[in-house]
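Just so we're aligned: 181 in my numbering is position 181 of the sequence shown, and the numbers increase by one with no gaps anywhere.
Simulated from the structure, these hints should not be mistaken for laboratory data. These figures come from a predicted structure and were not determined experimentally. Take every hint as true, because none was put in to throw you off.
Just the calculated beta-carbon pair ranges, DEER-fashion:
id, residue 1, residue 2, range
1, Lys212, Asn107, 29 to 35 Å
2, Ala202, Ser85, 29 to 35 Å
3, Ile140, Asp172, 17 to 23 Å
4, Leu229, Gln34, 30 to 36 Å
A virtual CB, placed ideally from N, CA and C, is assigned to each residue, including glycine.
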Amino acid sequence: MNIAIVEDDKNTQEELKQHLLHFSDEHKLSFNIQCFTDAKSFLERPASIFTLVFLDIDLPGMNGMDAAEKLRQEKNDIMIIFVTSLAQYALKGYKVQAFDFLVKPFNYYALEMSLNRALPTLKTKGKTLVISQTDRTKKIINIADLIYIEVINHTLYFHTLKNTYTSIDTLDRYHKELNEDNFALCNRCYLVNLHFVTGIKANDVILADGHKLPISRYKKQTFIDSLNLFLSQEDAF
Numbered sequence: 001m002n003i004a005i006v007e008d009d010k011n012t013q014e015e016l017k018q019h020l021l022h023f024s025d026e027h028k029l030s031f032n033i034q035c036f037t038d039a040k041s042f043l044e045r046p047a048s049i050f051t052l053v054f055l056d057i058d059l060p061g062m063n064g065m066d067a068a069e070k071l072r073q074e075k076n077d078i079m080i081i082f083v084t085s086l087a088q089y090a091l092k093g094y095k096v097q098a099f100d101f102l103v104k105p106f107n108y109y110a111l112e113m114s115l116n117r118a119l120p121t122l123k124t125k126g127k128t129l130v131i132s133q134t135d136r137t138k139k140i141i142n143i144a145d146l147i148y149i150e151v152i153n154h155t156l157y158f159h160t161l162k163n164t165y166t167s168i169d170t171l172d173r174y175h176k177e178l179n180e181d182n183f184a185l186c187n188r189c190y191l192v193n194l195h196f197v198t199g200i201k202a203n204d205v206i207l208a209d210g211h212k213l214p215i216s217r218y219k220k221q222t223f224i225d226s227l228n229l230f231l232s233q234e235d236a237f
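Produce the entire structure from the sequences given, and follow the hints as far as they go.
Now the structure itself:
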């Protein structure tokens with residue numbers, strides 16, 4: 001896996017690199033790590049070669065948030081984990097589809113928790129789903145971009161990060177097809193990508209973009225069990 005670290009503080013940069021090497025050794029993963037001290041030099045490289053970037057926000061010249069916005073404007077789907085002491089940027093981070101935040105000073109345990117959450121999502125990176133749309137055209141959807149599938153009157157609505165697509169099909173079919181890709185039913189009308197779940201409040205599933213989906217009394221415990229398993233996965237690769 002190719003990982004970029006964009007951090008101007010050499011001590012933090014080296015600490016993060018050593019934590020990543022420790023994690024890769026413990027989990028028997030192969031990490032190719034490249035370090036940058038500013039956003040400009042990072043953006044001069046094709047970001048598509050990287051799977052994951054640890055991006056400081058408080059950088060000289062272009063800050064990390066602006067760099068992330070530039071990545072998304074170019075429709076780059078690299079996973080972003082911000083490394084920052086500026087916790088107030090957390091809400092803004094959702095606009096650039098940041099996966100997580102590591103707040104300085106951080107330790108190995110914090111990094112490990114973040115990576116354990118990231119690995120199941122990275123596992124689906126590049127995997128696609130082909131659907132037959134209601135206009136009879138085929139559409140290829142990246143599974144990592146699919147937030148949830150909704151069924152209304154036998155029509156499926158595929159809600160992704162950028163668009164919603166429709167298809168005449170059954171939710172059961174996609175429940176089976178996405179069974180190993182961390183999707184779970186919160187009720188008979190919604191199949192949810194667990195990566196986008198930020199919490200459960202009363203009878204609602206809370207998604208990263210602020211949307212709330214109702215969770216049924218009969219599905220609630222099974223959904224919670226699936227979410228807990230997803231969050232605890234350590235050997236997803």
